[in-house]
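If you read the protein sequences in the order shown, they are chains A and B. Take 654 as the starting number for the first sequence in this note's numbering and just add one per residue. Take 654 as the starting number for the second sequence in this note's numbering and just add one per residue.
Watch out, some of these pointers could steer you wrong.
[Stated by the list, open to error] Heads up, incomplete: computed chain A residues facing chain B, CB under 7 Å, no partners named:
{"id": "1", "residue": "674"}
{"id": "2", "residue": "695"}
{"id": "3", "residue": "742"}
{"id": "4", "residue": "826"}
{"id": "5", "residue": "847"}
[Stated by the list, open to error] Within a straight-line C-alpha distance of at most 30 Å, the following computed BS3-like cross-link-like pairs (lysine-lysine) qualify:
{"id": "6", "chain 1": "A", "residue 1": "655", "chain 2": "B", "residue 2": "731"}
{"id": "7", "chain 1": "B", "residue 1": "769", "chain 2": "A", "residue 2": "846"}
{"id": "8", "chain 1": "B", "residue 1": "773", "chain 2": "A", "residue 2": "655"}
{"id": "9", "chain 1": "A", "residue 1": "744", "chain 2": "B", "residue 2": "846"}
{"id": "10", "chain 1": "B", "residue 1": "667", "chain 2": "B", "residue 2": "804"}
{"id": "11", "chain 1": "B", "residue 1": "655", "chain 2": "A", "residue 2": "769"}
{"id": "12", "chain 1": "A", "residue 1": "804", "chain 2": "B", "residue 2": "731"}
{"id": "13", "chain 1": "A", "residue 1": "743", "chain 2": "A", "residue 2": "765"}
{"id": "14", "chain 1": "A", "residue 1": "830", "chain 2": "B", "residue 2": "846"}
{"id": "15", "chain 1": "A", "residue 1": "857", "chain 2": "B", "residue 2": "667"}
{"id": "16", "chain 1": "A", "residue 1": "655", "chain 2": "B", "residue 2": "667"}
{"id": "17", "chain 1": "A", "residue 1": "830", "chain 2": "B", "residue 2": "744"}
{"id": "18", "chain 1": "A", "residue 1": "755", "chain 2": "A", "residue 2": "694"}
{"id": "19", "chain 1": "B", "residue 1": "857", "chain 2": "A", "residue 2": "743"}
Rather than coming from a laboratory, the hints here were simulated on the basis of the structure. We treat Cβ as the ideally placed atom computed from N, Cα and C, and that holds for glycine.
What follows is the residue order along each chain.
There are 2 protein chains.
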Amino acid sequence: MKHIQLDDLNEMSKIYRLNLVNSITGYKSAHLIGSQSLDGKNNVAIFSSVIHLGSNPALIGFILRPTSVPRHTYSNIKATGIFTLNAITKKQIKDAHHTSAKYPEEISEFDKTNLKIEKKGDWNAPFVKDVPIQMGCRYQNEYHIKENDTKLIVASVEHFYISESLLLADGWVQLDKGNIVAINGLDGYADPKLLERFPYARPKS
Amino acid sequence: MKHIQLDDLNEMSKIYRLNLVNSITGYKSAHLIGSQSLDGKNNVAIFSSVIHLGSNPALIGFILRPTSVPRHTYSNIKATGIFTLNAITKKQIKDAHHTSAKYPEEISEFDKTNLKIEKKGDWNAPFVKDVPIQMGCRYQNEYHIKENDTKLIVASVEHFYISESLLLADGWVQLDKGNIVAINGLDGYADPKLLERFPYARPKS
Numbered sequence: 654m655k656h657i658q659l660d661d662l663n664e665m666s667k668i669y670r671l672n673l674v675n676s677i678t679g680y681k682s683a684h685l686i687g688s689q690s691l692d693g694k695n696n697v698a699i700f701s702s703v704i705h706l707g708s709n710p711a712l713i714g715f716i717l718r719p720t721s722v723p724r725h726t727y728s729n730i731k732a733t734g735i736f737t738l739n740a741i742t743k744k745q746i747k748d749a750h751h752t753s754a755k756y757p758e759e760i761s762e763f764d765k766t767n768l769k770i771e772k773k774g775d776w777n778a779p780f781v782k783d784v785p786i787q788m789g790c791r792y793q794n795e796y797h798i799k800e801n802d803t804k805l806i807v808a809s810v811e812h813f814y815i816s817e818s819l820l821l822a823d824g825w826v827q828l829d830k831g832n833i834v835a836i837n838g839l840d841g842y843a844d845p846k847l848l849e850r851f852p853y854a855r856p857k858s
Numbered sequence: 654m655k656h657i658q659l660d661d662l663n664e665m666s667k668i669y670r671l672n673l674v675n676s677i678t679g680y681k682s683a684h685l686i687g688s689q690s691l692d693g694k695n696n697v698a699i700f701s702s703v704i705h706l707g708s709n710p711a712l713i714g715f716i717l718r719p720t721s722v723p724r725h726t727y728s729n730i731k732a733t734g735i736f737t738l739n740a741i742t743k744k745q746i747k748d749a750h751h752t753s754a755k756y757p758e759e760i761s762e763f764d765k766t767n768l769k770i771e772k773k774g775d776w777n778a779p780f781v782k783d784v785p786i787q788m789g790c791r792y793q794n795e796y797h798i799k800e801n802d803t804k805l806i807v808a809s810v811e812h813f814y815i816s817e818s819l820l821l822a823d824g825w826v827q828l829d830k831g832n833i834v835a836i837n838g839l840d841g842y843a844d845p846k847l848l849e850r851f852p853y854a855r856p857k858s
């Protein structure tokens, strides 16, 4: 096995190090975050850092980098308090990846891709149409991670929309039934297939 | 699409809600965390909440629930300052899942599964043998997430071990070449296959 230590990391090019550390840490979730500015401009941006924080209350988190592209997402969320989370499927990976391009604030990524806006009820943030999982989320808090000047954003989920075919009798959502992807590093998109579900683990005597 | 709102969540059984919210939020990384107590007992526990926090410095994070099983992992990390992160492959899913059983502290999960300890250099925490990615990590900080009384643990990565076949010329690690799995909810294990890697996204004119 190749052994890479701290000194080696420091000597790498920035791109090599970004590729290595972003991918070696494992698969990541794939979401489009939809948000709206106070004057009604719709924004959509890809995030690979959305995590499950808890089920009761239903809480998610995601990481914002100080220099990251989707700053418009953050300013919209701070201004309106809400956003949407939309699962990315095989069909959308090219358009989803393109939302990471640095467009000026007045340009909507919905106009530069084939991603379509779906409005639901009175939720003033755009959902992404034609995806099997959509969530309406409300900002709760943020934590500054001083070790690298990032932020953990914490949000509650108030609305879950799910294609019936993914939802099993015990509440478990089988993601591969919706062709939902996972992300490998900064730019790799993978298609997972279920291997097995295990029962709750109990100690062996 | 099925629409589930806050009131519906409150009326669900605990198990249904756990299954739903843990799985609807997307794929998760699959890691075994190895740790050692001050008196030398080795511990290994599965985590699905490990995330990439940053590349320079190389930082990861994971979430600890107040009532979660792997409390021994936390006490070992606090006592020794170090732990290991090991990618889970298709071959190990059954044993990896079994580490979530609630064994008393004096029982090592290495003795109750086919997972084997690998010692490397003078790193006083056990790596898991026969996996294509192993990392030696050092505790840096923790953040209390008051919204649901969980903790975000922040750690630096000091040692990366990787099978050469997964590491591409530009530093990107192709996880499916190592049969590394992703987790769907609390108990589902999925095998991702790479669909595509995209170039850095630039605005269309």
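Where does the structure disagree with the numbered hints, that is, which hint numbers, in rising order?
-> 2, 3, 16
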